[in-house]
Every structure is written in structure tokens, then in C-alpha cells.
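Protein chains in written order, with this note's numbering: chain A, 1 to 248; chain B, 249 to 885.
Simulated from the structure, these hints should not be mistaken for lab results. It cannot be assumed that every hint is accurate.
[Said to hold, decoys possible] Just the calculated beta-carbon pair ranges, DEER-fashion:
1) A/Ser-131 / B/Lys-880: 41 to 49 Å
2) B/Gly-338 / A/Ile-231: 39 to 47 Å
3) A/Glu-29 / B/Asn-767: 36 to 44 Å
4) B/Asn-336 / A/Ser-131: 54 to 62 Å
5) A/Asn-71 / B/Glu-725: 49 to 57 Å
[What the hints assert, rightly or not] Far from chain B, some chain A residues (derived; all Cβ distances over 12 Å):
6) Met-39
7) Ser-90
8) Ser-172
[Claimed, not checked] A few chain A residues that face chain B, going by a derived Cβ cut-off under 8 Å, partial list only:
9) Asp-38
10) Leu-40
11) Asp-57
12) Arg-59
13) Phe-98
14) Ser-131
15) Thr-134
16) Gly-191
17) Glu-194
18) Gly-218
Every residue, glycine too, gets a C-beta built ideally from N, C-alpha and C.
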Amino acid sequence: MKFTLKIWRQESPKAKGKLETFNLTDVSEDMSFLEMLDMLNEQLVTEGKRVVEFDHDCREGICGQCSLVINGQAHGHNKHYTTCQTHMRSFKDGDTLFIEPFRAKPFPIIRDLKVDRSSLDKIIQAGGYISAFTGMAPEANTINIHHEVSESAFDSAACIGCGACVATCKNSSAALFMSAKVAHLAKLPQGQVERQERVIWMVNEHDEQGFGSCTHTGACAMVCPQEVQLIDIAHMNFEYNRAMAKTM
Amino acid sequence: MALDAKIPEGPLKDKWQNYLDSKNIINPANRKKIDVIVVGSGLSGGGAAATLAELGYNVKNFYFQDSARRAHSVAAQGGVNAAKNYRNDGDSIYRMFYDTIKGGDYRSREANVYRMAQLSVDLIDHMNAQGVPFAREYNGYLSNRSFGGVLVSRTFYARGQTGQQLLLATYQAIMKQVKAGNLTEYKRHEVLDFVMVDGKMRGVIARNLVTGEIERHSAHAVVLGTGGFGKIFYLSTLAMNSNVSATWRAHKKGAFFANPSWTQIHPTALPQAGEHQSKLTLMSESLRNDGRIWVPKKKNDPRKPGDIPQEERDYYLERRYPAFGNLVPRDVASRAAKERMDAGYGVGALKNAVYLDFKTAIEKHGKATIKERYGNLFTMYKKITGIDAYKEPMKISPAAHFSMGGLWVDYELGTTIPGLYAVGEANFADHGANRLGANSLLQASVDGNFVLPNTISNYLSNDISTGPISTDLPEFEKAEKEVKEQIDKLLSIDGKTPVDQIHRKLGKILFKEVAMSRNEKGLKWAIEEIKKLRQEFWSDVAVTGDAKGVNSELEKAGRLADYLEIAELMAIDALDRKESCGAHFREEYQTEDGEAVRDDKNYMYSAAWEWKGDHKWDLHKEALKYENIEVKTRSYK
């Protein structure tokens, strides 16, 4: 297969970026998208040029470190895939591929396709945890949790924190990311004690970090690699209103 | 230097409590005056960082990813073991200890393994309290499943994403401590060297991977939770950036490296599809609970798997190991697969795979149940291969996975350098010559959360009046200079060969001769090839860009330089051990039907290697004593 690649190049956070064109031939359809970029980078190295920088690590869809907007879509055109799981067989031979970083004000570009997603960590720091220090825990089976409740909490907890929801959202909202954690912890009995403060602190931090508001378009849930559901946002809004009512 | 494992006195079951009762502890007001550097944010490093911060120490946490939530513990799928005996199936702390020692082929330290089994019980409680959504029965109690090498169900799990869920709980604990001001994160930082002052570990030199700056950081002790180095094989189940650099560079400063050649080759990964491939995705061992492994009885059988009748299939694990069947330990399963493939019965285009078949399980339990147990794994399989494994068998193949070897540590998890500790996969302590499934998440979490935070205070109690360590000391200056020199050297070679090409060559040498099956001739050949490749690297590697700012090629080159050194030690270690045990199978030492032959008289030791400079090592032997378990031939028949 052969491809024309138009890749975002940007030297540093403050530098002006631009799309650079590369032609790549002999791409195998069994290659993952990132292996295709590996191939490009190997060629750039043999030509003495600087490689295209991109974030990646586990390459099995679970660490959340890979990103990329491919032809305008976060993680590419396959619904609920990460970029690392996207394979070249899902593109047409001869395609032109536009490859850009996740774009959002709270995700400043570091270099080329690498962005800084520390703003997501800040939201978790604000309250996305249960304060159970090592040594405090009661015997596990003394906390009885209905099978369905645990499964539902898992559905929310599965979020990999990649930020595709933010990159897709027209408002750059991190509502889906944040609501997944709020819902995960609010559904479980262990999460009840801090339930009220948690959601208020997290929502405040979300806004502080410069993420936009949620207008319920649902684009985020369409790209989420772990299929976190839009209903988590509704759950978060319920939690927020409940908490605000209680503080009044 | 004589190795002292510092095993506490008393009966096995009382050793840990005896230790806790007699060790030094530190007044909470004094802990704030003590700095601890923790490298790594996974279950071991992250667990240690969060717990030390909770205790009130001043923690500095370094990792190369962009968030603590990315550490490779995240990718562990199947589960975490604990001796809760919730199933009433005869499990106990002793039985778990027994299974782990036997699984490791009698090459691990009794006291450490027993402690791990004891603390497994507390770990499940801890993770549960933090909100890990473990699988539950319909009555609301915790669910369990079986894993390889055991006859009880002691594995706790959260679908096929157990590692992710435990790691996220640990990450959240770290985030809370960041907010509380007890823990400072140094993300996108790579530790490149260590600084010793008056014989004690006192700090690190790190490269800021965003700005390119070389930074000095001091502490009263350093903890390495940097994971394993299976990525040395290039193709492995590890993350692309996992590396050996921190432990290796600590080794060159005086930390002994133990059993470096013991690499677990995991039996159920996806087979390689072509030369371009960068990674072999793991399919959890838990699949062997319900999947049956087979190859056609006929060589080069052209039929589709579904068209091959039962009587023409060779369920070779069930045939060779009737007692454990598809649940034999990983080393046994991998070797059995290799045996079939080498004999010409492999399946798939490259004949490098065997079938893992769920037809029987789906007929018995229904598709919905199988989906609930392994849904994410079937989805992942489909995303990568395009094949629906509910309809036809998966194709699987052995792949480099876990490093049983690592920095030698004593009972306190201290290395041979005072003030340097190693936790989780970075140390060698608990798994012997083969790790049992679901013991990895366990060991990492237990080391990080429960062991290290207790043992390190015994050492740090001498430092309550030391005060901050200055980074202006000449030792810091010297280490920083050496790091900068190596970076300059890598950038000035100006060769022709990209880093990954040399790494792939190294991987091929190792997978051929220093993996599932070894022999003297092959190991000697590997040593020569590794030396040649190291020369090629230092004369012809191409690293573009400069030392300023982001440069991933420079990062990879530095890691490969270290791989090219430890690769030689791996082969030397495998050559030294003239027996077969666990993952270390020496072809010269096997029975007529191909089972491993151990030599307990001469090799019942852990091999701890001391760096003597210029690729020379001295071997120190830690003799292993088994006082609480009868040493037997490991059999799963």
C-alpha cells in the first residue's frame, strides 16, 4: 500500500506549526497505524532527518498514551478503537492521511504530535479517589456489592484517560472523562463518604483547567475507546445537583 | 562481599511479624525531613510512592510517561492472587506459598514468598476499599477464577483489565498525595544515573524528556519500581518504552543483578505477522480456564480449524499433562507449544502458532458467560486480527513477557547499595525460575504498599538529623558530567543504522538462543554476536536531532545501549547454570520425554552478578534453603 501523509510538525510549544507532506510506499496492510509511523521515522533517520514525535507506549489499547487525530477524527475512523489498534487494512491504498495532534486549549502541544494532558491529572487530583490509606481497609467480603452494580461501576472505571473525548468535543469539554470517574466511585458503597465533595471539587477543577462546558452532543461517546456511555454525564450532573442541594 | 539476605529469626509464619516488631520506626514529625526518590509509577513504584507519602515522607516520584496512570502494570489482564480461601477449596497461605515455590521450580527464597502469600490477603482488602470494581458473584461476594500451576481458585479479577483497575486505584492514591503536597511528580523524566555519597545512595541524574535538561535530584534513599526488561527481545508483550536502564545503571554503580537470564516466555500472545511488527499483544492466561489448546495431528493440514474433526486434533497439553491439562504453568505451556511448532505442526501462514479453542466452553456455558469473562479480550483479538474468536479458534504463540531476574535484594528489598531499594518486577525476589500467573500484580502491589514502606524506615531512621542532601556536591557534578558525555557520544556517532534495526537484530539473537531453550554452543554463539552488535551500535547507530527538547530516538538509543550490555550477562548467566529449572531449559539437561532436569546439589542458588567494569562480572551465590517445604521434581502430570 502507499499513502500520502500530511503530518503536523511543530518544534516547540510556542513555535508555529505546519503540515508537512511525506510519501510512504510498501506499507503492509497488517501494520498498525503506529507501525506505519515507525516505518516513516526509520526512513527519516536514514535520511538524517528528525523523526516525527508522537506519544505511545503499550500499543494494546489500554495505557491511553497514544493519541492523534487522523483525517479529522480522534483515534481515526474506526469507532471505539485507539490509534495503536487501528490497522492499515482499514484504509484505502493511495489514501491521503491528515495526521494531527489532539487539539484543545488544556492540551498544549509539546512537539509535533505530542501534547501535554496534565490537565486531566489535575481533575483526578481534585477528588477522583477514595481516601483509603494503606492498612485501613476492612475485610473485603464485608462490603457486599450487587453483581450488576459492580459491573456497572466497571463500565465507568474502564476509562483509559486518553483524552479523545476532549479532542472530539466542539467545546473541548472533559465531561465524559470526569463523569466516568464520578460515576465509578458514586456507584460503589466505598465511594459514598466523599461523594458530595468529590463531584464539586472535580467540576470546579475541570472549569479551572480551561475545559469547556458539555452541551450533550455526544461526539465524545462515539470515539471513546472503552465505550464509556453518555449516561455517565447525566449521572455526574445528578451528583453535582444533589451535592449542591445538600450544601445549600 | 558475602550476601546477607537478612532473613528474620523465628518460624516461617512469624518472620514478618517478628521483623515488624523489632525494626526501627520514625516519629511522624521527623518523616517530613526525609526525602525519598521513587522511580516508576506502576503498582510497585506507585504503590510505594503513595504509601510513603501517606506516612508523611517527602516523596519525589519519577517516571517517563506523561501520567502516572500509564505505567505498564495497566496492561496486566487476568488477575491477582490471594489466599483468601473464599471458595472453601482448601486454599491457605501455606498452599499459596507452596504453589509459588513449586511454580518457581525451587529457586526462590522461602521467607520472601511466604510473606507475599501472607500479605496477599491484606492487598485484596486494600484494593477493594479503594474502589476497584472486582468481579462479583450474584450474591454480592467477590468472585474467583483459576490460573496456571494451581488446583484452587484464588485469582481475583476485574474482567480482563485487572492490572488497569489496580493501577488506577494506585494512581488515584498518588493524585491525592500530590494534591496534599506530600508527593512531587517528575513526569516525562528519565533517570539516567545514580549518585552515591560516602557509600550511600543519595540521588539521581535525570533527563527532562520535554526540555532535554539534565537535572540533579537528591534524597535520603532511592526506590526503583521500574519493572522488567522483556522488551530487550524487541518483540515482547511489554510497552514500547519499558526498559532496563535504571536498574542496569544502578548495577554498574554496585547493585548486584540476580538471575538475569530468567525470562518468562508467555504461551498465549498473538503470533508475529511480519517484519514490521513492533509488539506482540498478550491474550490473558485466564483464557486457558475455558480455552483448549490444540494443533492438527497432521502436518500442514490445509483445512480450516472448524473442519478438523475431534479425533484428528492433538490437545497436546491435555495429553502430556493430564492432571493440570491446559492450566500447566507458563514455562511448560510455552515449551510444549515450541515443541509442536518445531516438529512441524504449527498453524497459520508462518506456522508459528497453535489454536486456543473456546467451542467446548461456549457450548457448556453459553456465549454470554464467556463474553462476560473475557469480552474485552475477544474484542481486542478482533481489532488486531479481524477474526471473531467466538466463531473460530484464536491463534496464539509464545512471546517474551516477564523478567523473573532483577536487582538482587535482601528481605528488606534493599539492594547491595545502602539506601537503594528495588520493588516489583525490578527485583528478583519472589518468583524463582518461573512466575505463576496473577502473582505479578500481587508481588508488585505487596512490595509497594506493604513491604517497602515498612522496611525502608529501618534504614531511614539513621537519617532523621542528616538534613537535605545538597546537589552541589562533587559526586552530583561528576555523575551529571558522565550522563552528558554519553548523550554527546550517542549524538556524535553519525552512523547509518536506525536504533530499531539494531534492536531487532538483538531480539532475534536472544529469542533464538537465550529464550525458551538454551544450549552451550548457542549461548557461546550469542555472546559473540552480542559483542559484535554492541560494536556495530557504537560505531554505526544513527541518532538524529539534538539533546535539546524532545528526542525519542535519543531516548531509545540510550536504552538500547544498556540492553546490549545486559544481553551479554543474560547469556553468561544461562551458560553458568548447567541444569534446567523453570523458564531456564538447557537442552543438555532433560529427560527422555523432554522434561526439565534440575541439579539441586550444584545449582540450588540465586546467581547474583557483580559488575567489575568493562563487561566483566563476578558471580556471588546466595544458597537457597528449604526448611518448610519438601523439594521435589516439579511435575504437572
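For each hint, the structure was consulted:
no., hint, in the structure
1, A/Ser-131 / B/Lys-880: 41 to 49 Å, "46 Å, holds"
2, B/Gly-338 / A/Ile-231: 39 to 47 Å, "43 Å, holds"
3, A/Glu-29 / B/Asn-767: 36 to 44 Å, "38 Å, holds"
4, B/Asn-336 / A/Ser-131: 54 to 62 Å, "33 Å, violated"
5, A/Asn-71 / B/Glu-725: 49 to 57 Å, "50 Å, holds"
6, Met-39, "6 Å, violated"
7, Ser-90, "9 Å, violated"
8, Ser-172, "18 Å, holds"
9, Asp-38, "6 Å, holds"
10, Leu-40, "11 Å, violated"
11, Asp-57, "4 Å, holds"
12, Arg-59, "4 Å, holds"
13, Phe-98, "22 Å, violated"
14, Ser-131, "6 Å, holds"
15, Thr-134, "4 Å, holds"
16, Gly-191, "6 Å, holds"
17, Glu-194, "10 Å, violated"
18, Gly-218, "21 Å, violated"
The structure fails hints 4, 6, 7, 10, 13, 17 and 18 (numbered hints given earlier, in ascending order).
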